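Full structure from sequences and hints, please.
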Amino acid sequence: MTVTAVRKDPQALTMTIDAEFEASPERVWQLWADPRQLERWWGPPTYPATFTKHDLAVGSRVEYHMTGPEGDQPHGFWDIVEATPPRLLVFRDGFANEDGSANPDLPLTTGRVTIEQIGGGRTRMSIESLFPSTEAMEQILAMGAEEGLRQAVGQIDAILAEGIVSSTMHR
Amino acid sequence: MQTTLDFDRVFRALADSTRRDIVRRAIGGEEGVAELAGHYPMSFAAVQKHVAILERAGLVTKARIGRRKVVRTNVEGLRRARGLLDRYEELWRGRVDRMTALLDDPKEIDA
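Respectively, the protein sequence lines represent chains L and D.
Numbered per my numbering, the first sequence spans residues 1 to 171.
Numbered per my numbering, the second sequence spans residues 1 to 111.
Please keep in mind that the hints were generated in silico from the structure rather than gathered at the bench.
No false leads were slipped in.
Some chain D residues close to chain L (C-beta under 7 Å, calculated; not the full set):
#1 92
#2 94
#3 95
#4 96
#5 99
#6 100
#7 102
The following residues of chain L were derived to be distant from chain D, with all beta-carbon distances above 10 Å:
#8 50
#9 53
#10 54
#11 62
#12 63
#13 65
#14 69
#15 87
#16 88
#17 92
#18 103
#19 104
#20 105
#21 118
#22 119
#23 120
What you are looking at is a predicted structure, and each value in this text was computed from that prediction instead of being measured.
Where a beta carbon is used, it is the ideal one built from N, C-alpha and C, also for glycine.
Dropping the structure here:
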């Protein structure tokens, strides 16, 4: 497993995932900096991403869309807040309309990616996602990401487990 | 029963502890809103409101048993929500796995 830790702080509305790779920081940075490589991991195989505008300079807007199995194409963008190759990338990730303009009705997540050498030819990448509010978090979760999900999943599990017990008891 | 779950509604509905408790109690599907209301230190109207939110989220349905109307948890809906949530939970892990595969791809060494 290359994912070494997942930290979630519901109060601070953050989720952090740490991963380690057998590669140099420069090589890991390329995964973000080269749009053709980015396209190979950002979207799942069923929802591949296409980056139509890509420049990691501070103040730039990166534009992309995903293509779903039904041909649906949700659009997104990143606004680059900080970029220090190959160590740091901070961007606001939002949803966009079909023409690429930002959709202000949907929330922005802030992503903070730090990349550091840890010796032995290995590199640690840490990605922190910050949600602006609980409501926004729920909305984003509903469209794809983490915390609250596990909570909800846990709740559902507990409910299902009880359901099995009580339906046995009623027989 | 509705065929698609509105995740926004499901999350909002499950975000409240009273509503989670109602979902749990209603698995047996034997109590009506009035009986459910007896379990909580709040008004009948407040409990009715919680049940309505759960109903709109597709988490409970009302069923008629004789002359009574009972609240029943949509267990199948919960299972389906759970299945979808598992997939979403894997989003970032999936990305990291794909990054690893890409880094291991000999074609990309010169990149």
